[in-house]
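Visitor: So the sequences go chain by chain: D and G.
Quick note: the first sequence uses my numbering, first residue 34, plus one each step.
Quick note: the second sequence uses my numbering, first residue 47, plus one each step.
In short, the hints are calculated from the structure, not lab data.
We treat Cβ as the ideally placed atom computed from N, Cα and C, and that holds for glycine.
Hints are supplied without guarantee of correctness; some may be wrong.
[Said to hold, decoys possible] No more than 25 Å apart at the CA atoms, straight line, and that leaves these computed lysine-lysine pairs for PhoX-like:
#	chain 1	residue 1	chain 2	residue 2
1	G	Lys351	D	Lys89
2	D	Lys207	D	Lys116
3	D	Lys89	G	Lys48
4	D	Lys776	G	Lys351
5	G	Lys103	D	Lys765
6	G	Lys372	D	Lys776
7	D	Lys528	D	Lys765
8	G	Lys361	D	Lys776
9	D	Lys673	D	Lys326
10	D	Lys567	D	Lys626
11	D	Lys454	D	Lys528
12	G	Lys103	G	Lys258
[Claimed, not checked] Facing chain G, from chain D, some residues (calculated, C-beta under 7 Å):
#	residue
13	Glu562
14	His713
15	Gln722
16	Val767
17	Gln769
Chain residues, written in single-letter form:
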Amino acid sequence: MFNAKLPEPSLDRVDGRLKVTGTATYSAEYPLENLAHAVLVTSTIAKGRITGLDFKLAESVPGVLAVISHLNSPGVPGYPPVKQPAERAPIGTALRVFYDDFVYFSGQPVAVVVAQTLEQARHAASLAQVNYQTEKHQTDFEANVSKAAVALSVQRNKTSPFQDYDRGNPDAIKTADVKLESTYVFPTQHHQPLEPHAIIAVWETDDKLTIYDKNQGVKSAQGNLASAFKLPRENVQVNSPFIGGAFGSGIRVWPHTIAAVLAAKKVKRPVKLVLGRELMQMSVGSRPFTVQKIAIGASSDGKLTAITHEGIGQTSTYEEHLERTILATRAMYACPNVSTRYRLLNLDVNTPTWMRGPGDATGMFALESALDEMAHELKIDPLEFRIRNHADTDPERNLPWSAKTLKECYRTGAERFGWDKRTSEPRSMQANGLLVGYGMASSLYGFHRHPSKAKAVMRTDGSVVMQSATMDIGPGTGTAMTQIAAKMLGVSPNKIRFDLGDSSLPDAPGQNGSATITSVGSAVHVACEALKKKLLTLAAAMPNSPLANSRFEDITAKTGRIFPTANPSASISYADILKYHQLPQVEVTEESKPGPERDQYSMYSFGCHFVEVQVNPLTDEVRVSRVVTCADVGKIINYKTARSQSIGGIVGGIGMALMEESVMDHRFGRYINTDFAGYHIPVHADIPQIEVYYVDQPDVYVNPIGSKGLGEIAIVGVAAAVANAVFHATGKRVRQLPITVDKLV
Amino acid sequence: MKPFQYIRPTRLKDAIEAVASNPNARYIAGGTNLIDLMKRGIVSPEKLVDINGLPLKKIEKKTGFLRIGALALNSEVAQHRLVLENHPLLAQALNAGASGQLRNMATVGGNILQRTRCPYFYDPVFPCNKRKPGTGCGALEGINRTHAIFGLSENDPAQSCIAVHPSDFCVALSALDATVLVVGTKGERRIAFGDFHRLPGNSPDLDANLEKDELILAVEIPDAVFTKHVHYLKIRDRASYAFALVSVAAALDLENNRIKAARLALGGVAHKPWRLFEAEKALVGQPVSETTFQKAAELAMPSAKAFAHNAYKLKLVPNAIVQALKSAAALV
Ligand SMILES: Cc1cc2nc3c(=O)[nH]c(=O)nc-3n(C[C@H](O)[C@H](O)[C@H](O)COP(=O)(O)OP(=O)(O)OC[C@H]3O[C@@H](n4cnc5c(N)ncnc54)[C@H](O)[C@@H]3O)c2cc1C
Numbered sequence: 034m035f036n037a038k039l040p041e042p043s044l045d046r047v048d049g050r051l052k053v054t055g056t057a058t059y060s061a062e063y064p065l066e067n068l069a070h071a072v073l074v075t076s077t078i079a080k081g082r083i084t085g086l087d088f089k090l091a092e093s094v095p096g097v098l099a100v101i102s103h104l105n106s107p108g109v110p111g112y113p114p115v116k117q118p119a120e121r122a123p124i125g126t127a128l129r130v131f132y133d134d135f136v137y138f139s140g141q142p143v144a145v146v147v148a149q150t151l152e153q154a155r156h157a158a159s160l161a162q163v164n165y166q167t168e169k170h171q172t173d174f175e176a177n178v179s180k181a182a183v184a185l186s187v188q189r190n191k192t193s194p195f196q197d198y199d200r201g202n203p204d205a206i207k208t209a210d211v212k213l214e215s216t217y218v219f220p221t222q223h224h225q226p227l228e229p230h231a232i233i234a235v236w237e238t239d240d241k242l243t244i245y246d247k248n249q250g251v252k253s254a255q256g257n258l259a260s261a262f263k264l265p266r267e268n269v270q271v272n273s274p275f276i277g278g279a280f281g282s283g284i285r286v287w288p289h290t291i292a293a294v295l296a297a298k299k300v301k302r303p304v305k306l307v308l309g310r311e312l313m314q315m316s317v318g319s320r321p322f323t324v325q326k327i328a329i330g331a332s333s334d335g336k337l338t339a340i341t342h343e344g345i346g347q348t349s350t351y352e353e354h355l356e357r358t359i360l361a362t363r364a365m366y367a368c369p370n371v372s373t374r375y376r377l378l379n380l381d382v383n384t385p386t387w388m389r390g391p392g393d394a395t396g397m398f399a400l401e402s403a404l405d406e407m408a409h410e411l412k413i414d415p416l417e418f419r420i421r422n423h424a425d426t427d428p429e430r431n432l433p434w435s436a437k438t439l440k441e442c443y444r445t446g447a448e449r450f451g452w453d454k455r456t457s458e459p460r461s462m463q464a465n466g467l468l469v470g471y472g473m474a475s476s477l478y479g480f481h482r483h484p485s486k487a488k489a490v491m492r493t494d495g496s497v498v499m500q501s502a503t504m505d506i507g508p509g510t511g512t513a514m515t516q517i518a519a520k521m522l523g524v525s526p527n528k529i530r531f532d533l534g535d536s537s538l539p540d541a542p543g544q545n546g547s548a549t550i551t552s553v554g555s556a557v558h559v560a561c562e563a564l565k566k567k568l569l570t571l572a573a574a575m576p577n578s579p580l581a582n583s584r585f586e587d588i589t590a591k592t593g594r595i596f597p598t599a600n601p602s603a604s605i606s607y608a609d610i611l612k613y614h615q616l617p618q619v620e621v622t623e624e625s626k627p628g629p630e631r632d633q634y635s636m637y638s639f640g641c642h643f644v645e646v647q648v649n650p651l652t653d654e655v656r657v658s659r660v661v662t663c664a665d666v667g668k669i670i671n672y673k674t675a676r677s678q679s680i681g682g683i684v685g686g687i688g689m690a691l692m693e694e695s696v697m698d699h700r701f702g703r704y705i706n707t708d709f710a711g712y713h714i715p716v717h718a719d720i721p722q723i724e725v726y727y728v729d730q731p732d733v734y735v736n737p738i739g740s741k742g743l744g745e746i747a748i749v750g751v752a753a754a755v756a757n758a759v760f761h762a763t764g765k766r767v768r769q770l771p772i773t774v775d776k777l778v
Numbered sequence: 047m048k049p050f051q052y053i054r055p056t057r058l059k060d061a062i063e064a065v066a067s068n069p070n071a072r073y074i075a076g077g078t079n080l081i082d083l084m085k086r087g088i089v090s091p092e093k094l095v096d097i098n099g100l101p102l103k104k105i106e107k108k109t110g111f112l113r114i115g116a117l118a119l120n121s122e123v124a125q126h127r128l129v130l131e132n133h134p135l136l137a138q139a140l141n142a143g144a145s146g147q148l149r150n151m152a153t154v155g156g157n158i159l160q161r162t163r164c165p166y167f168y169d170p171v172f173p174c175n176k177r178k179p180g181t182g183c184g185a186l187e188g189i190n191r192t193h194a195i196f197g198l199s200e201n202d203p204a205q206s207c208i209a210v211h212p213s214d215f216c217v218a219l220s221a222l223d224a225t226v227l228v229v230g231t232k233g234e235r236r237i238a239f240g241d242f243h244r245l246p247g248n249s250p251d252l253d254a255n256l257e258k259d260e261l262i263l264a265v266e267i268p269d270a271v272f273t274k275h276v277h278y279l280k281i282r283d284r285a286s287y288a289f290a291l292v293s294v295a296a297a298l299d300l301e302n303n304r305i306k307a308a309r310l311a312l313g314g315v316a317h318k319p320w321r322l323f324e325a326e327k328a329l330v331g332q333p334v335s336e337t338t339f340q341k342a343a344e345l346a347m348p349s350a351k352a353f354a355h356n357a358y359k360l361k362l363v364p365n366a367i368v369q370a371l372k373s374a375a376a377l378v
């Protein structure tokens with residue numbers, strides 16, 4: 034059932050060659066004529082008002098076409114008129130670009146310089162003078178934590194999952210046999226995809242806009258720009274066929290996108306704007322700084338009796354970013370008494386956003402660390418402790434799981450890792466003079482599926498074109514979709530082209546929430562099924578057709594031909610069907626969407642990670658030396674791309690555990706480590722061999738293809754597994770990420 | 047980045063004159079540090095004098111010392127037979143720095159003159175006495191996890207600087223008593239490595255005791271016995287491609303399990319590579335043992351002073367010294 038090797042041929046990435054040869058065109062690379070270059074001028078203070086702008090020097094730089102600020106912006110028609118006197122934006126207002134003189138965070142775009150060349154624009158931007166009236170800013174979480182409160186949006190929505198939650202007896206924790214309480218601190222982290230955010234904006238006419246843009250959803254970018262600029266949706270064309278990683282940073286439309294569109298309007302030329310690495314940290318959202326308190330109670334025989342989980346996340350002063358931080362705790366283990374609280378703290382920072390495994394990665398770091406602490410306290414093996422508290426049904430919703438083979442994951446992971454060799458005492462294992470630690474953690478991620486459309490076209494030569502406005506930010510969407518189509522149609526993958534990343538294609542959700550395979554894969558599946566049915570009908574109408582009386586269930590498609598399953602020699606090729614009917618092509622567009630199954634079953638992906646670390650006893654340097662991960666995400670479509678997803682998640686999790694942190698100097702309300710020399714992500718030398726296993730059984734209730742999302746579950750829990758391994762190696766429990774040398778010395 | 051002039055002279059004299067005659071001219075070698083600083087608006091030279099046309103690439107053995115030309119690439123030096131045979135510590139230190147790509151661009155002269163990586167130096171929004179004397183030290187009461195614990199100035203705080211010198215190579219050069227050969231309008235001179243870099247004192251904007259027009263021609267490393275028991279230990283936030291939190295260059299000469307000679311220098315702890323003369327002295331004549339190393343390591347610490355976020359270095363440094371010496375002596 035478990036597969037270390039590739040069990041069936043996994044299609045190579047359909048765009049792999051383009052990418053590795055540098056011929057895939059990314060957003061900043063379109064060689065448009067008459068292209069001008071934009072560079073942002075950003076605020077150097079965290080809170081206050083702009084009192085003066087002096088662009089004389091900037092404008093005198095040769096090649097400068099315009100310097101745009103709130104004083105001379107062509108304006109965003111979707112913004113309300115500025116109030117007199119101007120007021121700070123109320124909570125729930127996305128940052129309005131070049132709108133008024135308010136500054137909400139350090140690094141906020143306050144002007145944009147457009148010039149003939151990038152060098153001219155950069156130089157001019159460095160000469161732009163902005164004067165401020167500074168107000169006292171608050172960015173320090175700890176100093177302000179007493180102001181944390183229930184989010185306004187939650188107060189207004191009684192059915193919000195972020196309402197205070199109590200299951201069973203909220204006081205049960207007080208009478209638990211064994212009780213532990215700890216606080217876990219999760220720092221601000223940034224997505225840091227290698228490709229920076231980039232856009233080329235082109236006004237084709239006064240009311241037609243085209244952008245080449247790095248984002249995670251062409252349809253949502255289209256909708257957002259259409260409403261901002263009061264254009265019919267179809268007048269906004271978003272092209273994003275290749276994305277060099279995003280991890281959530283491209284879900285929203287950020288201010289620089291609007292700035293580029295405004296700049297293009299002003300100079301009446303295509304304008305390119307690429308964020309520098311420092312603005313990748315200052316102006317496109319982050320995983321929020323989050324503090325969690327977990328109290329956990331257990332009986333002395335190792336049964337969880339109570340958990341209280343309180344999470345406080347950081348957000349900006351103008352928007353509320355909520356994420357799942359405390360939600361996993363309600364569903365993960367069989368525990369009769371569970372209480373969760375979720376609060377937000379508004380600070381003078383940029384609004385955080387979703388980052389791979391949003392909320393769950395943060396929450397499961399705390400929960401899975403706390404479980405490890407309790408297992409240690411109870412002197413029970415941490416894996417055994419989890420098995421004893423396995424939730425056989427969803428304890429939150431009192432529903433059966435659509436599918437859950439977590440125990441299988443535990444067994445396989447433990448076996449492949451050699452968990453039985455773990456000696457329970459901290460500091461009890463050594464190798465080559467280094468302390469060795471084994472740690473593990475569970476992982477889960479909710480199942481998401483959204484309505485999605487796909488178009489399937491059969492052409493006279495028997496080739497197929499599939500289209501959907503979905504995205505590929507790296508997982509290999511086109512490859513997986515091609516495989517789904519190939520299987521359903523019985524057409525060789527190399528005769529299928531899959532188009533995505535184009536807002537004119539049939540509706541599809543953006544790529545987030547691990548929902549692409551589940552949503553778009555289902556649409557591709559049903560579209561190909563409908564196409565096949567249509568082709569069968571056409572085939573049946575041909576003279577002496579061997580398929581004349583065949584039902585859909587009784588036919589098979591293979592190598593571009595269909596035939597009665599019982600009589601393979603009586604086949605007709607797709608090409609001949611079209612030729613006979615003299616059709617240039619046959620096409621269908623189908624939609625697939627979730628149904629009532631969501632109310633009948635609780636749907637999650639589950640998995641677990643096993644991690645070995647080695648720690649130098651003198652210098653406290655930690656290195657991850659081995660990882661085994663096992664996940665149940667339903668049916669695996671493509672083992673190679675799936676495995677890459679899992680590996681990427683583990684790498685991200687190792688970064689999260691050991692090095693990633695955006696450090697802010699609160700005296701200035703400004704990040705200090707805004708380059709890759711200061712913001713560390715793992716390099717090759719940090720990453721050991723990673724073994725990946727899947728259960729690979731279809732979840733028959735979730736969707737027609739039986740697959741669940743993998744992108745997020747790959748990272749959820751990894752940081753806890755590392756932290757637990759570090760505890761096992763050193764006896765030191767680090768509850769504040771990242772686990773750097775200074776915290777262990 | 048400000049517009050600038052660029053020239054690439056092929057004669058030493060022309061290069062020196064070009065820099066001497068323009069107060070805002072700078073030499074550029076690999077450009078891996080200078081270009082970054084220019085892009086960030088931290089330095090804005092009017093004129094770049096590219097020295098890559100000068101014949102300064104040679105690595106050669108002379109009587110009594112090894113000479114490494116200023117334009118030899120970090121990667122070339124780290125692989126060179128003469129370096130590996132005579133001073134393997136240098137190769138270890140170089141390979142611990144930056145990345146393969148950067149080492150293929152970075153030169154010996156540029157490495158020695160690279161600027162600090164203090165985050166306050168790198169963002170003009172922050173105060174920094176090194177970037178703009180008199181504006182204050184951002185790190186002093188800011189985030190100083192990576193900052194100095196040795197050689198701090200006792201002067202007016204507005205004038206002080208707690209940044210560290212970032213080079214790995216220089217730590218090894220310091221341990222090996224190298225000499226820097228320079229030439230300027232006033233002619234050639236040799237500077238002992240210990241005198242080359244400065245402590246911040248009253249002018250933290252200056253990293254080295256070098257005249258503006260002076261060009262590094264080479265570094266010279268005297269013949270030494272440290273060919274076998276050497277170790278460059280670099281402790282950092284990830285396994286590779288990160289600057290040192292603390293680094294130790296350790297070199298031992300052993301006979302019958304006794305230490306005949308020792309060299310020790312630290313990186314990541316001061317405004318310049320930090321040589322540990324007292325600890326070295328204490329090692330000589332002692333048996334190879336963890337106790338010996340611990341005693342020596344303790345001698346390094348009395349003058350150390352920590353700030354809000356770098357107190358861990360007070361404990362990490364002696365441990366790192368012990369670890370480096372153990373590795374040098376192959377004592378597991
Ligand atoms: C991301 C990153 C990571 C790095 N990590 C490390 C690390 O871990 N350890 C480490 O030690 N280093 C590290 N470095 C720094 C790297 O070693 C230096 O950038 C490099 O050595 C500089 O050499 P260069 O020839 O490129 O110098 P340049 O950038 O050309 O010049 C640097 C300075 O030296 C001057 N200069 C150059 N040559 C001469 C000469 N012959 N005479 C007089 N003045 C001269 C220039 O005027 C300039 O001021 C890193 C750099 C980067 C960008």
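Visitor: Evaluate each hint against the coordinates.
Guide: Here is what the structure says about each hint:
no. : hint                : in the structure
1   : G:Lys351 / D:Lys89  : violated (47 Å)
2   : D:Lys207 / D:Lys116 : violated (53 Å)
3   : D:Lys89 / G:Lys48   : holds (16 Å)
4   : D:Lys776 / G:Lys351 : holds (19 Å)
5   : G:Lys103 / D:Lys765 : violated (50 Å)
6   : G:Lys372 / D:Lys776 : holds (24 Å)
7   : D:Lys528 / D:Lys765 : violated (57 Å)
8   : G:Lys361 / D:Lys776 : holds (12 Å)
9   : D:Lys673 / D:Lys326 : violated (39 Å)
10  : D:Lys567 / D:Lys626 : holds (21 Å)
11  : D:Lys454 / D:Lys528 : violated (50 Å)
12  : G:Lys103 / G:Lys258 : holds (22 Å)
13  : Glu562              : violated (48 Å)
14  : His713              : holds (5 Å)
15  : Gln722              : violated (14 Å)
16  : Val767              : violated (13 Å)
17  : Gln769              : violated (13 Å)
Comparing the model with each numbered hint stated earlier shows that hints 1, 2, 5, 7, 9, 11, 13, 15, 16, 17 do not hold.
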